[in-house]
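S.K.: The lines below spell out each chain.
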Amino acid sequence: MYIRATGNISPQKTFGHLSFLNEPVVYHGNRLACIEPDYKELIDVKLIRRMSRIIRMGVAAAKECLLEAGVKMPDAIITGTAYGCMEDTGVFLTRMVEFNEELLTPTAFIQSTHNTIGAQIGLILQCNNYNNAFVHRGFSFESALLDGMMLLKEKEAENVLVGAVDEITNISHTILNRMGLYKQGPVSNLALFKTTVIPARLSGSEAGTKGTIAGEGASFFLLANEPSDTDYAKLDALATFYKPKGIPEIEDQILSFLNHHSITCNDIELVITGKNGDNRSDQIFDQLAQSIFSKNQTVNYKNLCGEYPTSSAFALWMAAHIIKSETIPEILEYGGPVEKKIKRILIYNHYQGIHHSLFLISTC
Amino acid sequence: MSQSVFVAGTGAISAIGNNVAECLCALENGQAGMGKMFFSNSAHQEKIPVAEVKLDNDDLAQLAALPATKSRTALLSMIAAREAINNAGIENFAEWRSGFISANSVGGMDKTEKFFTEFLADNQNGKLRDVVHHECGSVTELVADGLGIKNYITTISTACSSSANSIFFGARLIKNNILDVVVAGGADAITKFTLNGFNTLMILDDDFCQPFDEHRSGLNLGEGAGYIVLVSEKVAASLKKKPDVMLSGYCNANDAYHQTASSPDGTGSFLAMSGALKKSGLQPADIDYINLHGTGTLNNDLSEGTAIKRLFHPHYPKMSSTKGFTGHTLGASGGIEAVFSVLSLLYGIIYPNLRLQTPMKELPFIPVTDFIKNAPVKHVLTNSFGFGGNCSSLIFSKL
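Protein chains in written order, with this note's numbering: chain A, 49 to 412; chain B, 2 to 400.
These are calculated hints, taken from the structure and not from any lab test. Beta carbons: idealized from backbone N, C-alpha and C, even for Gly. Among the hints, a few may not be true.
With the C-beta cut set under 7 Å, the calculated list includes, among others, these residues of chain B facing chain A [unchecked claim]: (1) Ser-41; (2) Asn-42; (3) Ala-44; (4) Gln-46; (5) Ile-154; (6) Asn-177; (7) Gly-389; (8) Asn-391.
With the sequences and hints as input, model every part of the structure.
M.R.: Okay, here's the thing in structure tokens:
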């Protein structure tokens, strides 16, 4: 199946027809926030006012994707979100506690529902077709994508709109920070993979420090059964695995995934991995770089979008653009000019060592 | 791809019983589960009746074999999912590719509420263990880990249609040869968050709800969990107790009318029901019983009824909403009602629509008001409609 169009709102300049990651945005601190577009061009002003930030981002990314695809009415709308509409949830909870369950208004409650973004897209398009929402942590986007891929395979749909949306709010950032997810002290996203960014007194070990940087994003894809002249890439396969016991099982899973699709690591020109700067989760990627990926060129992406449960959608967006543009942005530190044409990309990400996913993307 | 998907087991817990047998007994005896709030707490507990599972978290935890500190939603989910697996009696369960596809509407919100009160006073306060399972998927994982299911785990949340969607997503994973066995359904506990949310929408009845009654005035919130075990043809053939029921049709459609209200002509529900019929290859006249979504709100029952009129007129199957027994269990309702639909086929029974006094004047049909035994039930349609216009229908058929 083919990736016909994309729409991506992220902490980088990814929305609209901009050059591909040519002007990386630098952040200081452990929280990256999406660069939001002027929504007026995409959404009715009256609607914008009612929508919370995550809904605006999701709807805008979806609309941009549909515009690019030239599709007015997708056969399915499927979203993945780990946290859902956190801002609305926080607003309703706060008022509920502060006013002791009195004087509440319904708007925040209505919008806190996890399928709000998919529903809003359906409502705006007046689309009566299949509409589903997956909310499973680091598998949210992967589940949504699998649903879309199955619909195409079942011939229930000719095209599907699949997206991932997650936001970070002041409340969620405070709580996740308390849980120890993020780096403490000065940190810059563009230096995420360099151990020297953290003062020695804070560093955990030679191999890096604990914690990552928080991210968010809204990324949509239009997938179709039939090719078109403007496709980005082919999405060949997707697989997930849950709580592997250790590196050998991870290696087995990856190799059997490739084997299942009749290829080996040698057939892959580029591997995109999900390093996030946290030495606890990066050691998996570091060990694989020594073993099964030892001969592969590897790049990472979470220095651009931050870490969040549906960040693999950013990686898929990046892979699709690398294949179509036949360029690898300098910021990815590929290490020299691209000598071989990038015909096939493997994305391997894991979220907190629990949710592991693999995507195989190739030229059309 | 064309292979059939069978129902090998069922499990349910709701306000009318802690397992399938107890629920069935209450359905037969016309015993509704709603009353004054006792196990949860809310500023509205004197005024708004709810349909609670009649056990506190300590008792539920014991049944679930999980710590009582976990979300009530996880406890309910575990109890019903384990019952479904035990009921299926798949001897070599670990040898099959298995999945757990669950649904819920607000994850571990009951615990988040506890955390949040302290957190608001000082953002360094509140026990993190109370908020660590806030995410919908986290509740699913607590249960999947307890059940030892690892091959595929996911969670769907489309409000009140969530677990109907999880059931047919599970069936498609089998049809696509990704899994052999799927435990699918959903769970939700009553939380202050949802109670207050529905209260602001002014769709909660101060009395016991009256689905499909002319004078209905809202829904009662309920809680519980319902799961079915779906198996492939290969697994079905290996079972000692051969499955008698299959999932023959399913469809999800979007009403695309309003974020919370249903369209007056029931566009979404009509499309979901007709799509499920098309998938099953059945005609409207083949349906023997419809387990209605029937929440008891003015809007839903008229919209759903209108869609049924459009699709079934003039040959109406028997119909009833079981929410008069269980209340509206939100993310669990599709799962619990799938279990009731399967039982209807297995035992040839049809449930009464409780407290129906005056039929709706807009509709030419009247739901069933008595418990019917020895009914010839071959095909059952069950509806689940949710916020965001999310409409799903499932059809179960007797082999």
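S.K.: Evaluate each hint against the coordinates.
M.R.: Structure-based check of all given hints:
no.: 1; hint: Ser-41; in the structure: violated, 12 Å
no.: 2; hint: Asn-42; in the structure: violated, 10 Å
no.: 3; hint: Ala-44; in the structure: holds, 4 Å
no.: 4; hint: Gln-46; in the structure: violated, 10 Å
no.: 5; hint: Ile-154; in the structure: holds, 6 Å
no.: 6; hint: Asn-177; in the structure: holds, 5 Å
no.: 7; hint: Gly-389; in the structure: holds, 3 Å
no.: 8; hint: Asn-391; in the structure: holds, 6 Å
The earlier numbered hints that this structure contradicts are 1, 2 and 4.
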